[in-house]
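S.K.: Here is what each chain is made of, one letter per residue.
Protein chains: 2
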Amino acid sequence: MQTILNQIKWNEAGLVPAIAQQHDTGKVLMVAWMNRQALQTTIEEGRAVYYSRSRKKLWRKGEQSGHIQKLKELRIDCDSDVVLMQVDQIGGIACHTGRHTCFYRRYENGRWNEVEPVLKDQAEIYKT
Amino acid sequence: MQTILNQIKWNEAGLVPAIAQQHDTGKVLMVAWMNRQALQTTIEEGRAVYYSRSRKKLWRKGEQSGHIQKLKELRIDCDSDVVLMQVDQIGGIACHTGRHTCFYRRYENGRWNEVEPVLKDQAEIYKT
Numbered sequence: 000m001q002t003i004l005n006q007i008k009w010n011e012a013g014l015v016p017a018i019a020q021q022h023d024t025g026k027v028l029m030v031a032w033m034n035r036q037a038l039q040t041t042i043e044e045g046r047a048v049y050y051s052r053s054r055k056k057l058w059r060k061g062e063q064s065g066h067i068q069k070l071k072e073l074r075i076d077c078d079s080d081v082v083l084m085q086v087d088q089i090g091g092i093a094c095h096t097g098r099h100t101c102f103y104r105r106y107e108n109g110r111w112n113e114v115e116p117v118l119k120d121q122a123e124i125y126k127t
Numbered sequence: 000m001q002t003i004l005n006q007i008k009w010n011e012a013g014l015v016p017a018i019a020q021q022h023d024t025g026k027v028l029m030v031a032w033m034n035r036q037a038l039q040t041t042i043e044e045g046r047a048v049y050y051s052r053s054r055k056k057l058w059r060k061g062e063q064s065g066h067i068q069k070l071k072e073l074r075i076d077c078d079s080d081v082v083l084m085q086v087d088q089i090g091g092i093a094c095h096t097g098r099h100t101c102f103y104r105r106y107e108n109g110r111w112n113e114v115e116p117v118l119k120d121q122a123e124i125y126k127t
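Protein chains in written order, with numbering that gives the first Met the number 0: chain U, 0 to 127; chain C, 0 to 127.
Okay, chain U solo, but in the shape it has when bound (with noise of 0.2 Å):
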């Protein structure tokens, strides 16, 4: 495991950009970052972890929201600084907003356009 990792070529803060897409309609569904530990989690685990900036800790996808992200495939690119997985969205839901990508504005006529639907409320996932 170790050898793996001592592959990838982390930032100067040890982080790598990871994209999540969905393994069955190739949809990408969202950009988080990893540290060492992520990734190792990610592939123990069999589910996507990330390293939440904001919050300085590991972040397992879905933890709260129940949304996790089964990882199907994992792979690196060419210069060893992003991970690129495969998963199963579960939930179908991978947007904080309750949408099933993060990547809902397209650019149309110069404007960012929402083209997503929220599929549950925002209040209804986080919910305590």
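Calculated from the structure, these hints are not laboratory results. Some hints here could point you the wrong way.
Unchecked claim - On the chain C side, residues computed to face chain U include the following (Cβ under 8 Å): (1) Gln6; (2) Pro16; (3) Ile18; (4) Gln20; (5) Gly25; (6) Met29; (7) Glu72; (8) Leu83; (9) Cys94; (10) Thr96; (11) Tyr103; (12) Gly109; (13) Arg110; (14) Trp111.
As the list claims (entries may be wrong) - Now the stretches of chain U that chain C is said to cover, found in silico as 3 or more residues with beta-carbon under 8 Å: (15) 1 to 8; (16) 20 to 26; (17) 44 to 58; (18) 100 to 106.
To be verified - Lysine-lysine pairs mimicking DSSO-like chemistry, simulated, CA-CA at most 27 Å apart: (19) C:Lys71 with C:Lys8; (20) C:Lys26 with U:Lys26; (21) U:Lys55 with C:Lys8; (22) C:Lys126 with C:Lys69; (23) C:Lys8 with U:Lys26; (24) U:Lys56 with C:Lys8; (25) C:Lys26 with C:Lys71; (26) C:Lys56 with C:Lys71; (27) C:Lys26 with U:Lys8; (28) U:Lys55 with U:Lys8; (29) U:Lys119 with C:Lys8; (30) C:Lys8 with U:Lys8; (31) U:Lys69 with U:Lys55; (32) U:Lys69 with U:Lys26; (33) U:Lys69 with U:Lys56; (34) U:Lys126 with U:Lys56; (35) U:Lys8 with C:Lys71; (36) U:Lys8 with C:Lys119; (37) U:Lys126 with U:Lys69; (38) U:Lys71 with C:Lys26; (39) U:Lys26 with C:Lys126; (40) U:Lys26 with U:Lys8.
Computed from a predicted structure; not experimentally measured. The beta-carbon is built from N, C-alpha and C at its ideal position, and this holds for glycine as well.
Using the hints provided, position chain C relative to the given structure of chain U.
M.R.: Relative to chain U, chain C alone:
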């Protein structure tokens, strides 16, 4: 144009990661960085233009190889700090190694294994 560029959350270096995805297959081809001028030029010219951190200048993808990426669609994520492009990869080769995608190594049994063929020799792509 300035309005939509102002809505991007550029990092401390003035950059955001940009993902290029083949529009008709969903294959994630590569990730590189854009500064403000790169994104503006991408929109204006309808082709992927990145910012090369090593060369410290705009990088019109395909300027040497001819493997340009025609822009089909442009999105940003919920945090406004990642760009996702649907592109048409001319020549079918996004990676400088001569492969279709830069994400050609897959995690398998504790190793990163190469799983995408080299379609064209590097020396052939970048011949002077």
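S.K.: Against this structure, judge whether each hint is valid.
M.R.: Outcome of the hint check:
no. : hint                  : result
1   : Gln6                  : 6 Å, holds
2   : Pro16                 : 5 Å, holds
3   : Ile18                 : 6 Å, holds
4   : Gln20                 : 6 Å, holds
5   : Gly25                 : 2 Å, holds
6   : Met29                 : 7 Å, holds
7   : Glu72                 : 6 Å, holds
8   : Leu83                 : 5 Å, holds
9   : Cys94                 : 5 Å, holds
10  : Thr96                 : 6 Å, holds
11  : Tyr103                : 7 Å, holds
12  : Gly109                : 6 Å, holds
13  : Arg110                : 7 Å, holds
14  : Trp111                : 6 Å, holds
15  : 1 to 8                : holds (count 3)
16  : 20 to 26              : holds (count 4)
17  : 44 to 58              : violated (count 0)
18  : 100 to 106            : holds (count 6)
19  : C:Lys71 with C:Lys8   : 22 Å, holds
20  : C:Lys26 with U:Lys26  : 9 Å, holds
21  : U:Lys55 with C:Lys8   : 19 Å, holds
22  : C:Lys126 with C:Lys69 : 23 Å, holds
23  : C:Lys8 with U:Lys26   : 23 Å, holds
24  : U:Lys56 with C:Lys8   : 22 Å, holds
25  : C:Lys26 with C:Lys71  : 14 Å, holds
26  : C:Lys56 with C:Lys71  : 24 Å, holds
27  : C:Lys26 with U:Lys8   : 23 Å, holds
28  : U:Lys55 with U:Lys8   : 20 Å, holds
29  : U:Lys119 with C:Lys8  : 26 Å, holds
30  : C:Lys8 with U:Lys8    : 24 Å, holds
31  : U:Lys69 with U:Lys55  : 23 Å, holds
32  : U:Lys69 with U:Lys26  : 15 Å, holds
33  : U:Lys69 with U:Lys56  : 20 Å, holds
34  : U:Lys126 with U:Lys56 : 22 Å, holds
35  : U:Lys8 with C:Lys71   : 31 Å, violated
36  : U:Lys8 with C:Lys119  : 26 Å, holds
37  : U:Lys126 with U:Lys69 : 23 Å, holds
38  : U:Lys71 with C:Lys26  : 15 Å, holds
39  : U:Lys26 with C:Lys126 : 35 Å, violated
40  : U:Lys26 with U:Lys8   : 26 Å, holds
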